[in-house]
Amino acid sequence: MEWLGAPGRWSGDDGIPVRVLEHLGYTALAVLIAAVIALPLGAVIGHTRRGGLAVVGVANGLRALPELGVLVLFVLLLGLGLLAPTLALVLLAIPPMLAGAYSGVAGADGGAVDAARGMGMRERQILLQVEVPAAVPLVLGGVRFATLQVIATATIAAYVGLGGLGRYIIDGFALRDFPQMLGGALVVAVLSIVVELVLQGLGRLVTPGPDRLRLRPARPESDPVPTREARP
Amino acid sequence: MRAFGYEIDELVVAHVLLAVVPVLLGLVVALPLGWWAHRSPVARRVLVPLSGALYTIPSLALIVVIPVVLGTPILSPLNVGLTLTIYTVALLVRSVAEALDAVPDTVTTAAVAVGYRPAGLLLGVQLPLAVPVLTAGVRVASVSSFSLVTVGALVGIDSLGTLMTSGFEQAYPLMVAAGVVGSVALAFLFDALWLGLGRGLTPWSRAGV
Chain A
1 MEWLGAPGRW SGDDGIPVRV LEHLGYTALA VLIAAVIALP LGAVIGHTRR GGLAVVGVAN
61 GLRALPELGV LVLFVLLLGL GLLAPTLALV LLAIPPMLAG AYSGVAGADG GAVDAARGMG
121 MRERQILLQV EVPAAVPLVL GGVRFATLQV IATATIAAYV GLGGLGRYII DGFALRDFPQ
181 MLGGALVVAV LSIVVELVLQ GLGRLVTPGP DRLRLRPARP ESDPVPTREA RP
Chain B
1 MRAFGYEIDE LVVAHVLLAV VPVLLGLVVA LPLGWWAHRS PVARRVLVPL SGALYTIPSL
61 ALIVVIPVVL GTPILSPLNV GLTLTIYTVA LLVRSVAEAL DAVPDTVTTA AVAVGYRPAG
121 LLLGVQLPLA VPVLTAGVRV ASVSSFSLVT VGALVGIDSL GTLMTSGFEQ AYPLMVAAGV
181 VGSVALAFLF DALWLGLGRG LTPWSRAGV
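Protein sequences, first through last, are from chains A and B. Here the UniProt record's numbering is used: the first sequence runs in plain steps of one and ends on residue 232. Here the UniProt record's numbering is used: the second sequence runs in plain steps of one and ends on residue 209.
It cannot be assumed that every hint is accurate.
Derived coverage of chain A by chain B (criterion: at least 3 residues anywhere in the stretch with Cβ under 8 Å from a Cβ of chain B; other residues may be distant) [said to hold, decoys possible]:
1. 42-55
2. 139-145
3. 163-170
To give a feel for the contact side, a few chain B residues facing chain A, derived at Cβ under 10 Å [claimed, not checked]:
4. Met-1
5. Ala-3
6. Pro-41
7. Val-42
8. Ala-43
9. Ser-59
10. Ile-63
11. Leu-70
12. Gly-71
13. Thr-72
14. Val-140
15. Thr-150
16. Leu-154
17. Val-155
18. Gly-179
19. Val-181
Please keep in mind that the hints were generated in silico from the structure rather than gathered at the bench. Just so you know, even glycine gets a beta-carbon here, dropped at the ideal spot from N, CA and C.
All chains should be built: construct the whole structure from the sequences, respecting the hints.
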């Protein structure tokens, strides 16, 4: 706590605000690049349903990759700097978003899709106007999970020379400066929780249909009540 | 077995212990908490968001914060183990509650009608039926546990992650790759183990009903 309040902690190149902005910058960069790759790919695979099993399998398999090892390997092979850690972060952010886009689009109501096709919509229109809106909650879930994963991994990336809040923990450990480690850890923890809450709020704003602004994520709709049988 | 200047089998044993014990411990803690969340809407409104928030905290941060909150020594493997236990509990509380929710009312009422008391109902009927959902949760927790153990190497806790940090310092990609491959292989091995265990505990699921 003393560390957090020390003079100069909240200003300058090594101050907390600069480190927070760096951390958010790396995260946004990696998540955006990963989204540009993963979301269209997942949506198309979800629409055609070709290669769906492979997507789920690869996404689950990549979970087992140790983030630290991936970061170190990329940096050893591509050199220090922004490029290698960012590529590693992109690689780790792709699977959850790919899985979210795929399962969201593939899970769109079959009746709605058939109706759209029957009305004469082209495949492209069906994908963009029917399946993608229906996929929004799952896509957002994937984006949120990917973002948190990237924030956590960007912290570790301080070990391979990236800036951001992980610097306090890695440098603190090197200097055996435990207050600095702890202060940095607390700031990262708070940042993650704030980002999660902001993304949850944004998610509610952009979710179409009746789930909008609802506190809980979309609930599966119950079966329609069989009114005819219910009457005596 | 010695390679890259390390006793690899010692690193593997440390890695497995630090990854598996927290998953088992987390399951043991999550069962009663999940049952509580299943029974009480108030408990659920507290436990589910709290789990979500804990799961949000980056591993390296949690490993560093735990000694201050729980009073463990600063450079102890316990901090890594407790971090992974917390993630497992956070992940499984919700799984347990939802698995118990999903047991059909007709089944529980029938069990009560044939004389099951609350404890017998939970252990003999509800939990066995929840095993498939539990297995899925344990598998996710276990796979991420095996990868997160390596983060401990950043604060001096030995595991296959040690090959990654040491390989970085020596600029030796092969050593890092060995750590990555070993960690992934162990994760898959235990994943298969949990899957087999889950199937073994639910013989009816293999009957093709």
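Hints, one by one, checked against the model:
{"no.": "1", "hint": "42-55", "result": "violated (count 0)"}
{"no.": "2", "hint": "139-145", "result": "violated (count 0)"}
{"no.": "3", "hint": "163-170", "result": "holds (count 3)"}
{"no.": "4", "hint": "Met-1", "result": "violated, 19 Å"}
{"no.": "5", "hint": "Ala-3", "result": "violated, 16 Å"}
{"no.": "6", "hint": "Pro-41", "result": "violated, 12 Å"}
{"no.": "7", "hint": "Val-42", "result": "violated, 16 Å"}
{"no.": "8", "hint": "Ala-43", "result": "violated, 16 Å"}
{"no.": "9", "hint": "Ser-59", "result": "holds, 6 Å"}
{"no.": "10", "hint": "Ile-63", "result": "holds, 8 Å"}
{"no.": "11", "hint": "Leu-70", "result": "violated, 13 Å"}
{"no.": "12", "hint": "Gly-71", "result": "violated, 13 Å"}
{"no.": "13", "hint": "Thr-72", "result": "violated, 13 Å"}
{"no.": "14", "hint": "Val-140", "result": "holds, 8 Å"}
{"no.": "15", "hint": "Thr-150", "result": "holds, 4 Å"}
{"no.": "16", "hint": "Leu-154", "result": "holds, 6 Å"}
{"no.": "17", "hint": "Val-155", "result": "holds, 6 Å"}
{"no.": "18", "hint": "Gly-179", "result": "holds, 5 Å"}
{"no.": "19", "hint": "Val-181", "result": "holds, 9 Å"}
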